[in-house]
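Once you have looked at the hints, place chain E on chain H.
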Amino acid sequence: MTFLKRYLIPRLFQYFLVIWLGITVVFLIPRLTPNDPVMRMIGEMRGRGSTLEPGAMDGIIRDLTQMYGLEGSWLDQYWAFWVRLAHGDFGVSFFQFPTPVNKLIATAIPWTLALLLTTTAISWIVGNIIGGLAGYYSRKGWSRTLDAIAMVIRPLPYYIFAFSLLLLFAYVVRWFPITGGASLGAIPSLSWAYIKDVLWHSILPALSLIILGGAVNFQTMKLFVQNTNSESFVQYAKMGGVTEDRIVSKYVIRNAILPQITGLALSLGQIFSGALITEIVFSYPGLGMLLYRAIINGDYNLIMGITLLSIVGITTAILVVDLTYPFFDPRVRYN
Amino acid sequence: MKILRDLFRDYRFTFSFSVLVIIVALALLSFVSPYDPTLWNVVPKDMKPSVEHWLGTDSNGQDIFWQATFAVRNSLIISLIAGLVSRFIAILVGMVAGYKGGWVDRVMMFISDSLLVIPLFLIFVMLAMLVRQFLNLVVLGLMLAVFGWAWDARVIRSVILSLRERDFTNTAILSGTGTVKLVINEYMPFAMPLIFSNLINNIAWAIGLEITLAILGLVNLNIPTLGTMLNWALFYQSILLGRWWWILTPVILSLFLFIALYWLSTSISEYLDPRTRIQRVGA
Numbered sequence: 001m002t003f004l005k006r007y008l009i010p011r012l013f014q015y016f017l018v019i020w021l022g023i024t025v026v027f028l029i030p031r032l033t034p035n036d037p038v039m040r041m042i043g044e045m046r047g048r049g050s051t052l053e054p055g056a057m058d059g060i061i062r063d064l065t066q067m068y069g070l071e072g073s074w075l076d077q078y079w080a081f082w083v084r085l086a087h088g089d090f091g092v093s094f095f096q097f098p099t100p101v102n103k104l105i106a107t108a109i110p111w112t113l114a115l116l117l118t119t120t121a122i123s124w125i126v127g128n129i130i131g132g133l134a135g136y137y138s139r140k141g142w143s144r145t146l147d148a149i150a151m152v153i154r155p156l157p158y159y160i161f162a163f164s165l166l167l168l169f170a171y172v173v174r175w176f177p178i179t180g181g182a183s184l185g186a187i188p189s190l191s192w193a194y195i196k197d198v199l200w201h202s203i204l205p206a207l208s209l210i211i212l213g214g215a216v217n218f219q220t221m222k223l224f225v226q227n228t229n230s231e232s233f234v235q236y237a238k239m240g241g242v243t244e245d246r247i248v249s250k251y252v253i254r255n256a257i258l259p260q261i262t263g264l265a266l267s268l269g270q271i272f273s274g275a276l277i278t279e280i281v282f283s284y285p286g287l288g289m290l291l292y293r294a295i296i297n298g299d300y301n302l303i304m305g306i307t308l309l310s311i312v313g314i315t316t317a318i319l320v321v322d323l324t325y326p327f328f329d330p331r332v333r334y335n
Numbered sequence: 001m002k003i004l005r006d007l008f009r010d011y012r013f014t015f016s017f018s019v020l021v022i023i024v025a026l027a028l029l030s031f032v033s034p035y036d037p038t039l040w041n042v043v044p045k046d047m048k049p050s051v052e053h054w055l056g057t058d059s060n061g062q063d064i065f066w067q068a069t070f071a072v073r074n075s076l077i078i079s080l081i082a083g084l085v086s087r088f089i090a091i092l093v094g095m096v097a098g099y100k101g102g103w104v105d106r107v108m109m110f111i112s113d114s115l116l117v118i119p120l121f122l123i124f125v126m127l128a129m130l131v132r133q134f135l136n137l138v139v140l141g142l143m144l145a146v147f148g149w150a151w152d153a154r155v156i157r158s159v160i161l162s163l164r165e166r167d168f169t170n171t172a173i174l175s176g177t178g179t180v181k182l183v184i185n186e187y188m189p190f191a192m193p194l195i196f197s198n199l200i201n202n203i204a205w206a207i208g209l210e211i212t213l214a215i216l217g218l219v220n221l222n223i224p225t226l227g228t229m230l231n232w233a234l235f236y237q238s239i240l241l242g243r244w245w246w247i248l249t250p251v252i253l254s255l256f257l258f259i260a261l262y263w264l265s266t267s268i269s270e271y272l273d274p275r276t277r278i279q280r281v282g283a
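Taken in order, these protein sequences are the chains called H and E. Under the working numbering, the residue at position 150 of the first sequence is numbered 150, and the numbers go up by one with no gaps. Under the working numbering, the residue at position 226 of the second sequence is numbered 226, and the numbers go up by one with no gaps.
Please note: incorrect hints may appear among the correct ones.
Unchecked claim - What follows is a set of in silico ranges between Cβ atoms, one per label pair, in the way DEER data are often shown:
{"no.": "1", "chain 1": "H", "residue 1": "ASN297", "chain 2": "E", "residue 2": "VAL138", "range": "20 to 30 angstroms"}
{"no.": "2", "chain 1": "H", "residue 1": "LEU258", "chain 2": "E", "residue 2": "ASP167", "range": "24 to 34 angstroms"}
{"no.": "3", "chain 1": "E", "residue 1": "VAL24", "chain 2": "H", "residue 2": "HIS87", "range": "48 to 58 angstroms"}
{"no.": "4", "chain 1": "E", "residue 1": "VAL146", "chain 2": "H", "residue 2": "ALA86", "range": "21 to 31 angstroms"}
{"no.": "5", "chain 1": "E", "residue 1": "SER18", "chain 2": "H", "residue 2": "PRO330", "range": "45 to 55 angstroms"}
{"no.": "6", "chain 1": "E", "residue 1": "LYS48", "chain 2": "H", "residue 2": "GLY141", "range": "48 to 58 angstroms"}
{"no.": "7", "chain 1": "E", "residue 1": "TRP103", "chain 2": "H", "residue 2": "LEU199", "range": "49 to 59 angstroms"}
{"no.": "8", "chain 1": "H", "residue 1": "TRP192", "chain 2": "E", "residue 2": "ILE77", "range": "45 to 55 angstroms"}
Just so you know, these hints were derived from the structure itself, not from any lab. Everything numeric in this text was worked out from a predicted model, so none of it was measured. Cβ atoms here follow ideal geometry from the backbone N, Cα and C, with glycine treated the same way.
Next up, chain H with everything else stripped away, as it sits in the complex (with noise of 0.2 angstroms):
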């Protein structure tokens, strides 16, 4: 009872407050910005040499003020805002008009969570089992060579990391393919074919997720075994006679990976946006290229969309990760 008093439901107060602040967010930047989106939308139609007569010209105007919700007051605006985001309806997008922006998220979003869930799982469970083991034996050369590599890697941003990755393995050699989800011109299916191609384009892309995310992990959990080894519980146990296999994965592990699931929650939107930007650079077909299309086309509604569902998204895959702590920490079950 007190856990859920005192853990679950600040935790969940905390959660809805989030997505209220970042979708408030949302709303207030086209309004607190110093130009008028429909009228700077008006002004790329006619850089685009379309001419209208007049009269269809108010009739646009009219209709995409109705289609930003900016007719009324703010306070109007806010409400039919969450009202319309209630229903689940992020409006249409411009640039395949009539489609709704619904629509084209839903096509981009298993492409983005295959790559992202997968990555995110290997890269921090290899990168704290690699780092946690380089942390004890800290000594070692391979652990000395590993941290190197990492120091190097590390500071990189995603799109630095990933272009270089491009280059070195799909021009200088070719071993893999430079480009795109799967091959030009193949059907999707569940034919072994397919899915073969589709893990082979997905190959790049998927390992400079893995490297970089791997190398922050690695490190941040090396540090901490390194701190961990130093307390005085660990010396306790080695000369009681613990085994060494005992003490890594019990009491050194054990103990520095609590840190790195509060770690892991924290960075999920950065490796999210990374993950994003990756996909531009491989022209992967998620949501990142779908971002990128909407950017290249200024389509913004799609643009809000996609922002919008990812922070709910994020939040609530933050929460989640939150709520396994309790199973891994008996001393917030207990407390």
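Chain E in isolation, oriented as in the chain H frame:
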């Protein structure tokens, strides 16, 4: 001087220091550039590196070496504005939240936690879409600063929280030191090394985001930065056409810049570890 000598013993510090000196020198060279970076077709197009054009020329008819000097300078300007302004916000929020506590602390930490959680990249895309025509170096720097303070505010707050419990705080308060003076004179020296190494990290973050936004075409592409240079090189298919001197210049410059900034920040923060500092002062 002794501090510097100690720092140079760390190979990472020596490396990053040398790289940064070269990069800053490059940025300064832009002031004596023979070409105007905004003009096109001032030199023959698509020339390989030669004695005349050290890094060749690009498809816009610009000299890549001199273009790179402007790019480095502008990227540094954006990131310095972002880093310094966000530092100011982070220090203010961290100190107030840490010292005041209570609901002020809770509200401020809620906002900074939310900023950490929300995919900021998408927020920047939305913002840049709408203000693209106003986006100069200063506006972009400020935009990054407004959203880039959250993590460091948290770090500074936790330092203040731990310092507030120490004896010298009570001694200072009992002997009549005002809050502002206490925070600035007594707490800042403890927080300074951390703030400095976070500043370097924040600068790297800002450069990285600028590159990403520029690749997406969300900044003014006529202002040369590391990002816009890459954007033009990609736009003209310089990889497929084999113009390696063009695409590799911004890529290699950024690789060195990011590694140097990170190594500088780690070597300094390892040297100035607050724990060892506090041990030296005697807790």
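Which of the stated hints cannot be reconciled with the structure, identified by number in ascending sequence? Hint 6 contradicted; others consistent.
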